[in-house]
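J.: With the sequences and hints as input, model every part of the structure.
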Amino acid sequence: MFGFEDVIKGCVKNNNKSKEMVYKSFYGYLMAVILRYTNNRNESEELVNDSFIKVFKAIHLFIIPNDNLIAEKAFKAWIAKIASRTAIDFLRTRKTFLSIDDVAEEAEPISTINVISALNVKDILKLLDDLPEIQRLVFNLFEIEGFSHQEIAKIFKIPESSSRVYLTRAKQKLRTLYSNSLINTYETNRT
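So for the sequence shown, our numbering puts the first residue at 692; every next one is plus one.
Relax, there's no trap hidden among the hints.
Pairs of lysine to aspartate or glutamate, EDC-like flavour, derived with a Cα cap of 16 angstroms:
hint: 1; residue 1: Lys862; residue 2: Asp821
hint: 2; residue 1: Lys862; residue 2: Glu834
hint: 3; residue 1: Lys864; residue 2: Glu834
hint: 4; residue 1: Lys848; residue 2: Asp780
hint: 5; residue 1: Lys767; residue 2: Glu836
hint: 6; residue 1: Lys710; residue 2: Glu696
hint: 7; residue 1: Lys715; residue 2: Glu763
Derived DEER-like restraints, expressed as beta-carbon distance ranges:
hint: 8; residue 1: Lys772; residue 2: Asn731; range: 17 to 23 angstroms
hint: 9; residue 1: Tyr718; residue 2: Asp821; range: 23 to 29 angstroms
hint: 10; residue 1: Leu752; residue 2: Lys715; range: 20 to 26 angstroms
Read the hints as simulated data drawn from the structure, not as lab findings.
Even glycine gets a Cβ: it sits at the ideal position worked out from N, Cα and C.
T.: What follows is the structure, given as structure tokens:
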């Protein structure tokens, strides 16, 4: 049986069996990453495959930590970043989300809503799908992928302040969607 390090080294040597193991092991993970950026299944499958092509071309650059558990987590983070950038590059070519006409330099104040719910991950991802595309992208990059506003601004060629506004608006919209979801759940359970 091969260890994780052996599989990665096999990929570096262009071993098809090793590449297949990586592809099968991480396909679902990369699909989940890509689906946060585009909810079109066909586009997502294509972007996942494009991401793997980039991963295998650059795998020699991945530095394998000594601990296998840490190595696998580091690899997942590395390929997630590649997949995120692949999705963003694809969306940038479409240029459907780069309209920043509605962005003000100052964000509206955020109202706090304190509610407890049993929303599961699918419910939360559905709420993210309901955000306008640029808000969803900025939210994903900042809150989930850990990008800074400066990095996001460079990716989308927008001012940092616009990135902050998009994030604020995404959070506001998520709060509203979340509240509406709770109300709908409550009313459904009452009847």
